[in-house]
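Each protein sequence line maps, in turn, to chains A, B and C.
Heads up: the first sequence begins at 1 in this note's numbering, then just goes up one per residue.
Heads up: the second sequence begins at 1 in this note's numbering, then just goes up one per residue.
Heads up: the third sequence begins at 1 in this note's numbering, then just goes up one per residue.
Source of the hints: derived by calculation from the structure; they are not laboratory data.
Watch out, some of these pointers could steer you wrong.
Because identical chains cannot be distinguished in the list, a pair is counted as satisfied if it fits within a single copy or across any two copies.
No more than 25 Å apart at the CA atoms, straight line, and that leaves these computed lysine to any residue pairs for SDA-like [stated by the list, open to error]:
(1) 48 x 208
(2) 48 x 176
(3) 106 x 347
(4) 106 x 118
(5) 48 x 136
(6) 48 x 190
(7) 48 x 338
(8) 271 x 224
(9) 89 x 291
(10) 106 x 208
(11) 48 x 325
(12) 48 x 11
(13) 106 x 6
(14) 106 x 338
(15) 89 x 161
(16) 48 x 294
(17) 48 x 347
(18) 106 x 137
(19) 48 x 346
(20) 89 x 212
(21) 48 x 334
(22) 48 x 215
(23) 89 x 175
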Amino acid sequence: MTGLRTTLGGDYYVSDAVFTAEQDAIFENLWVCAVRSSDLASPGAFRKLQIGRESVLLVRGRDGLLRAFLNICRHRGAQLCTESEGQVKRSFRCPYHSWTYGLDGKLMAAPNIGSLTDDSGGAIDRYRYGLVPVALTEWLGYAWVCLSDTPPPFDDVVAEATRTLGDPDAIDRYGIGGLDVGKRIVYDVAANWKLIIENFMECYHCSSIHPELVGVLPEFARGVAAQANVGLGAEFGSDTAGFTVDGTAGFDRLPGITEEQDRRYYAITVKPTVFINLVPDHIIFHRMFPMSPTRTIVECDWLYSADVVASGRDVSRSVELFHRVNEQDFEACERTQPAMASRAYRNGGILVPAEHHIAEFHEWVVSHLDER
Amino acid sequence: MTGLRTTLGGDYYVSDAVFTAEQDAIFENLWVCAVRSSDLASPGAFRKLQIGRESVLLVRGRDGLLRAFLNICRHRGAQLCTESEGQVKRSFRCPYHSWTYGLDGKLMAAPNIGSLTDDSGGAIDRYRYGLVPVALTEWLGYAWVCLSDTPPPFDDVVAEATRTLGDPDAIDRYGIGGLDVGKRIVYDVAANWKLIIENFMECYHCSSIHPELVGVLPEFARGVAAQANVGLGAEFGSDTAGFTVDGTAGFDRLPGITEEQDRRYYAITVKPTVFINLVPDHIIFHRMFPMSPTRTIVECDWLYSADVVASGRDVSRSVELFHRVNEQDFEACERTQPAMASRAYRNGGILVPAEHHIAEFHEWVVSHLDER
Amino acid sequence: MTGLRTTLGGDYYVSDAVFTAEQDAIFENLWVCAVRSSDLASPGAFRKLQIGRESVLLVRGRDGLLRAFLNICRHRGAQLCTESEGQVKRSFRCPYHSWTYGLDGKLMAAPNIGSLTDDSGGAIDRYRYGLVPVALTEWLGYAWVCLSDTPPPFDDVVAEATRTLGDPDAIDRYGIGGLDVGKRIVYDVAANWKLIIENFMECYHCSSIHPELVGVLPEFARGVAAQANVGLGAEFGSDTAGFTVDGTAGFDRLPGITEEQDRRYYAITVKPTVFINLVPDHIIFHRMFPMSPTRTIVECDWLYSADVVASGRDVSRSVELFHRVNEQDFEACERTQPAMASRAYRNGGILVPAEHHIAEFHEWVVSHLDER
Numbered sequence: 001m002t003g004l005r006t007t008l009g010g011d012y013y014v015s016d017a018v019f020t021a022e023q024d025a026i027f028e029n030l031w032v033c034a035v036r037s038s039d040l041a042s043p044g045a046f047r048k049l050q051i052g053r054e055s056v057l058l059v060r061g062r063d064g065l066l067r068a069f070l071n072i073c074r075h076r077g078a079q080l081c082t083e084s085e086g087q088v089k090r091s092f093r094c095p096y097h098s099w100t101y102g103l104d105g106k107l108m109a110a111p112n113i114g115s116l117t118d119d120s121g122g123a124i125d126r127y128r129y130g131l132v133p134v135a136l137t138e139w140l141g142y143a144w145v146c147l148s149d150t151p152p153p154f155d156d157v158v159a160e161a162t163r164t165l166g167d168p169d170a171i172d173r174y175g176i177g178g179l180d181v182g183k184r185i186v187y188d189v190a191a192n193w194k195l196i197i198e199n200f201m202e203c204y205h206c207s208s209i210h211p212e213l214v215g216v217l218p219e220f221a222r223g224v225a226a227q228a229n230v231g232l233g234a235e236f237g238s239d240t241a242g243f244t245v246d247g248t249a250g251f252d253r254l255p256g257i258t259e260e261q262d263r264r265y266y267a268i269t270v271k272p273t274v275f276i277n278l279v280p281d282h283i284i285f286h287r288m289f290p291m292s293p294t295r296t297i298v299e300c301d302w303l304y305s306a307d308v309v310a311s312g313r314d315v316s317r318s319v320e321l322f323h324r325v326n327e328q329d330f331e332a333c334e335r336t337q338p339a340m341a342s343r344a345y346r347n348g349g350i351l352v353p354a355e356h357h358i359a360e361f362h363e364w365v366v367s368h369l370d371e372r
Numbered sequence: 001m002t003g004l005r006t007t008l009g010g011d012y013y014v015s016d017a018v019f020t021a022e023q024d025a026i027f028e029n030l031w032v033c034a035v036r037s038s039d040l041a042s043p044g045a046f047r048k049l050q051i052g053r054e055s056v057l058l059v060r061g062r063d064g065l066l067r068a069f070l071n072i073c074r075h076r077g078a079q080l081c082t083e084s085e086g087q088v089k090r091s092f093r094c095p096y097h098s099w100t101y102g103l104d105g106k107l108m109a110a111p112n113i114g115s116l117t118d119d120s121g122g123a124i125d126r127y128r129y130g131l132v133p134v135a136l137t138e139w140l141g142y143a144w145v146c147l148s149d150t151p152p153p154f155d156d157v158v159a160e161a162t163r164t165l166g167d168p169d170a171i172d173r174y175g176i177g178g179l180d181v182g183k184r185i186v187y188d189v190a191a192n193w194k195l196i197i198e199n200f201m202e203c204y205h206c207s208s209i210h211p212e213l214v215g216v217l218p219e220f221a222r223g224v225a226a227q228a229n230v231g232l233g234a235e236f237g238s239d240t241a242g243f244t245v246d247g248t249a250g251f252d253r254l255p256g257i258t259e260e261q262d263r264r265y266y267a268i269t270v271k272p273t274v275f276i277n278l279v280p281d282h283i284i285f286h287r288m289f290p291m292s293p294t295r296t297i298v299e300c301d302w303l304y305s306a307d308v309v310a311s312g313r314d315v316s317r318s319v320e321l322f323h324r325v326n327e328q329d330f331e332a333c334e335r336t337q338p339a340m341a342s343r344a345y346r347n348g349g350i351l352v353p354a355e356h357h358i359a360e361f362h363e364w365v366v367s368h369l370d371e372r
Numbered sequence: 001m002t003g004l005r006t007t008l009g010g011d012y013y014v015s016d017a018v019f020t021a022e023q024d025a026i027f028e029n030l031w032v033c034a035v036r037s038s039d040l041a042s043p044g045a046f047r048k049l050q051i052g053r054e055s056v057l058l059v060r061g062r063d064g065l066l067r068a069f070l071n072i073c074r075h076r077g078a079q080l081c082t083e084s085e086g087q088v089k090r091s092f093r094c095p096y097h098s099w100t101y102g103l104d105g106k107l108m109a110a111p112n113i114g115s116l117t118d119d120s121g122g123a124i125d126r127y128r129y130g131l132v133p134v135a136l137t138e139w140l141g142y143a144w145v146c147l148s149d150t151p152p153p154f155d156d157v158v159a160e161a162t163r164t165l166g167d168p169d170a171i172d173r174y175g176i177g178g179l180d181v182g183k184r185i186v187y188d189v190a191a192n193w194k195l196i197i198e199n200f201m202e203c204y205h206c207s208s209i210h211p212e213l214v215g216v217l218p219e220f221a222r223g224v225a226a227q228a229n230v231g232l233g234a235e236f237g238s239d240t241a242g243f244t245v246d247g248t249a250g251f252d253r254l255p256g257i258t259e260e261q262d263r264r265y266y267a268i269t270v271k272p273t274v275f276i277n278l279v280p281d282h283i284i285f286h287r288m289f290p291m292s293p294t295r296t297i298v299e300c301d302w303l304y305s306a307d308v309v310a311s312g313r314d315v316s317r318s319v320e321l322f323h324r325v326n327e328q329d330f331e332a333c334e335r336t337q338p339a340m341a342s343r344a345y346r347n348g349g350i351l352v353p354a355e356h357h358i359a360e361f362h363e364w365v366v367s368h369l370d371e372r
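Start from the sequences and build out the full structure, keeping to the hints where you can.
Following this line, the structure appears as structure tokens:
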């Protein structure tokens, strides 16, 4: 049929078995974005996060490096850290049997540790019985982690995610790693994570549910997504001064960006769980945490230049624009979730031409599930 | 063993797998009663109902006909209608991408609809991409729907359900389609739907839990159900003036009924989800909606002549009688549900002679499950 | 590897399938401790308990004997008794159809019971259609029940449980059957039952979480469990007067115990669900009721001589000691439960030398599951 393609079958959005397979093959196997690095500024600062089915502990070491570990005592499995975030001095002590680990994961102390011996009767290796490390890298000012023992090359993730921006240096010009968090909002969405990605990838719904967004980006009324056209972005309307809820002026454009990037909106997806929106004076950065087939947590950061945040200038009008977009989108996703279990959706729904690039995302998901 | 038979094994009443099979083979495959037709009186009046696992939208068309559709946008699956009942003017518009459907299900409008083309590049068929229709027929003033693509003959349902009344015209004489709803009560019962049917089919429990019912129908103290004897019904007690909680007089008998039907109570089951009680001056009509292996919603209507309802006469004494019976029955069913998971019930419970006709219902269930 | 062994894999502590297998092969197949016999002192006193997946009714007969039955009417499966404990006169009547059972389970009455006939047309056997009996024996003043049709020899349970006390008569000297309940506390623990047993079996955690216990039993600071050494027990500290929260004096030692048993603490596990602590002047008796893979109810009795209880003497200091130990232990178990689902625990955790006897418990569990 010319013009119309189909989505994944409904079962992909409700099945416990599919979600478990996704946790195994995607969230616990690929690079996912965990925290803003600056959230853990000083040695001993930590945050606990659920990645896939695992509790992961991120902590800055005394050497200034960020590291990630499974948040589980190696001995009998007690949860090492129960606080969601905080600050320790130089170690984590398991309260059950007092096994104690350094900020680099090394087993520092345990009752009768001298009597614990390895196969050859010698002293045990303090790293082998230390915390289980999780691969970590930093990009755009965020810590990305990968639970796989053989993480895929991170460069491939970057290349794939920034492809639609055209120029490979385009994203670096925003200097995202040096920006500060002006606002963070956490959303708890009753929908499968893939519905949220699909929604983010298309703009066929923009004219129906995003009046404020179409107000500043009038071409969105045509229903074609920025992501579908390599290197173009969406242009601000002629009477739009800035990317704000009422189109009034925002802040000075970020110093590194080109004329071509000014007065334009770009959006990219870093599969599996990140969406980034780029506008001249700020960045909107979404991290998803899929909790169940029908529930997804989304943490959204609004990033501005350090000057803007330090000066305490009012960011509420730019925050309000995309906060409304988020609320409109997540309501639509929640309205779509129930149909995924219907006989009407057994073979999927319809993708109109402006949504055809979503099918590539579906192929990406299926290919990862098939590999396992 | 003479005199004693067994019920279905306990697993039939608790297993998710059995319930899923029942949804597939029974509730989503056979005719089930959905709404009172008069609830949707004018064009655009609608009600949303769960039938099996599906959200079904019933709506009266501009041509005066009732129709049923899956309540799902054909495009990306958003729930079309989220209100449980209401009134639209001439269409349902999906709020996600604005696909818009007429009251007959036809796709009336969509963004860029002109550019959507079929296989041959021509305009798309507006009915093919319209709402998915669900079979609907009307009987006794109710809309009955069938989610199967090949619904069984409805005449067979009628013949089977009215068999125990003896005369095939018996039920028509009550003129049920022309009656009005005097009272509706909705019950949320923590029991498997089959326990509710089994309870309804036998009267061995009447003397134990239904003092008011036995008060007006003294022969029920013997424990023999009206449904077990073709054509007889149960006779009112000699000091009973009407089918009311205290045996005082009700209303004039319905005009069409025979002398034989006067001062008698009849009860029939329209499998899988309807029970009907017939008395001279009113009808008690139960529709069940099985929600899970252990939860069933029951909507019960008390139907009276249009005159009685229009005049605002007090129906509370006749309502109170069967409302008490319902509460007594549903409490018994809820008390029975937990035992269904016990080793004591693995091979089922006991049916005494007055309950033997329940075994035919069990055979009916099993035969439907076996066919799939 | 010398010195370190592994626990069961994490799946044993979270899997619904494993828990169902345990219910089948262990809780519904072996002897488990139900109630303190003196809780049901007079004829007609009853208690309802969940054992495995079954609701079990324990009742004292008019002949003075304790009996246990499945709490289910033989007819259509209604729950016979819905109160958790109470007192009846001489029978239990099912409220659904009035089948009525004596305290010995015999079917005493039913509507139309005269017309119910067996295969040969004769009167039915009142015991065959009576309540389903559950095997029951008494030991240490408790009623132990076994849901199996072929219960294992109870003497083997006793021999196995008391083996680590050395002398087979050691436990009898405490005269536990003749003691009275001074205090009962019920704990609702969000952890798998096996984590609770493992915790009880080892003392490697004592120095980390049990300051009061180590205060009275200083050798526990070494981390070696009383259960690991046959016949020795743990000696009170030289400045400890009694087994109380502050080490002050308790009550007179129980009359039957030997000098060797004085000023010593012994602990035994009666698999699958009982732990007993023996000190000179009282007994702490734990019964577990596993409710789900991740939830276990623990009822703990503090037993004293009848004189102590009758005189109303203050038992709070000895109760407080082990109540704190229980709360410390159960918090540790709840902290361990989440890790059971982690990849870090797929192949289990580590047992240090002082925990090696826990591996024998794991072998016991696995051997029972394998037998089915």
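Run the structure past the numbered hints and jot down the numbers of the failing ones, going up. 9, 11, 15, 20, 22 and 23
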